[in-house]
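Trainee: Sequence:
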Amino acid sequence: MSTRFLTVPGLAGSGPQHWQTIWEVQQPDFFSRIEQDNWDWPNREDWVERLQEIISKLTSPTVLVAHSLGCITVVHWAAKYSSPWIEGALLVAPADAELSKRLNFVEGFVPISFLPLPFKSIVVASTNDIYASIKRSQFFANAWGSEFINLGKKGHINAVSKLQDWPEGKDILKQLANSGFVGIK
Numbered sequence: 006m007s008t009r010f011l012t013v014p015g016l017a018g019s020g021p022q023h024w025q026t027i028w029e030v031q032q033p034d035f036f037s038r039i040e041q042d043n044w045d046w047p048n049r050e051d052w053v054e055r056l057q058e059i060i061s062k063l064t065s066p067t068v069l070v071a072h073s074l075g076c077i078t079v080v081h082w083a084a085k086y087s088s089p090w091i092e093g094a095l096l097v098a099p100a101d102a103e104l105s106k107r108l109n110f111v112e113g114f115v116p117i118s119f120l121p122l123p124f125k126s127i128v129v130a131s132t133n134d135i136y137a138s139i140k141r142s143q144f145f146a147n148a149w150g151s152e153f154i155n156l157g158k159k160g161h162i163n164a165v166s167k168l169q170d171w172p173e174g175k176d177i178l179k180q181l182a183n184s185g186f187v188g189i190k
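Sequential numbering of the sequence shown, starting at 6, is according to this note's numbering.
Calculated from the structure, these hints are not laboratory results.
The calculated PhoX-like cross-link candidates involving lysine-lysine, where the alpha carbons are at most 20 Å apart (straight line), are:
1) Lys-62 / Lys-85
2) Lys-179 / Lys-125
3) Lys-125 / Lys-85
All chains should be built: construct the whole structure from the sequences, respecting the hints.
Mentor: Put into structure tokens, the structure is as follows:
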């Protein structure tokens, strides 16, 4: 059974130039997306429940591919729910909802859950991310039991970072997929 990938965007969703969207367009048979009712005024309860709604319908091994506030959504989901289908999570540029003044309007995302994740995970961070320091991202990885990858200066690892289809990210994602994985182009 092939591994599938479920993207979990952050604040404002991921636009057409974001690597999450590009991956979905490149491989629609393997990638699907969580769609939230309100990308601009996030509410933890709503976002976590939507994630649970989609995960509860899974029928194949799945890796979560989260970005920014989507990462924080995943850890809150894992603190409340579980699924035998979730085999891993790629957590890219987790937004520090506790310390970032830029995220003061997000509802209910603090305190961030620091429980270890019950599946393999990798936190990928940048040294010049305006939404979380590299030290804080390393702290997240340690708390969640995640492998940690420092990309250097890549901003918030989003469309503004001009990563296009982010081949390095695809290589990292391959580490999370099981032996049934067909392949990422």
